[in-house]
Amino acid sequence: EMEKIFGEEHINLSDLESKCNALKSKFPNLKILLKLGKYGCAYSDSKRYITCPSVSQINPKVLEDHKIVDTVGAGDCFTATFFYKYLQKVKDNKDDDQDIKDCMVFANSSAFLCITKHGAMPSMPIESEVQDLIKNYSLV
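Per my numbering, the very first residue in the sequence shown carries number 40; after that it's consecutive.
Just so you know, not all the hints are guaranteed correct.
[Stated by the list, open to error] Keeping only pairs whose Cα atoms sit at most 25 Å apart, straight-line, the calculated DSS-like set for lysine-lysine is:
#1 74 x 133
#2 128 x 140
#3 65 x 86
#4 63 x 86
Derived from the structure by calculation, the hints contain no laboratory data.
Kindly generate the complete structure, drawing on both the sequences and the hints.
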């Protein structure tokens, strides 16, 4: 999507922060959430730019215990679970860097669990599964 916005064929990970800043210079209140697949994700708003590595980057052992079988629905799962957690934080007036990072870890973990099952809807994890993955693999 960033490639389409900037009319480029490929954007390097190292260029993402400057691209986010360029968008925010035109739209100062913009909040940007980038899904980066095996590289994790990035979040940017008027106050910060935060990256979060993927589950397998944080703890490679997760790939020994879980097999990736189907990526259908992973992006939707990521986005939905990020905003599920984000809205909880906002409701509780929590919006510091660690709060955003917690949302990112939760979303990355949810999407990871999603790709370990077949199908879009059957692969959506429940919150307790996500919390167990985060705890068992020390993702925070």
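Next on the checklist: Taking the earlier hints as the rules, which of them does this structure contradict?
Outcome noted: Failing hints: none at all.
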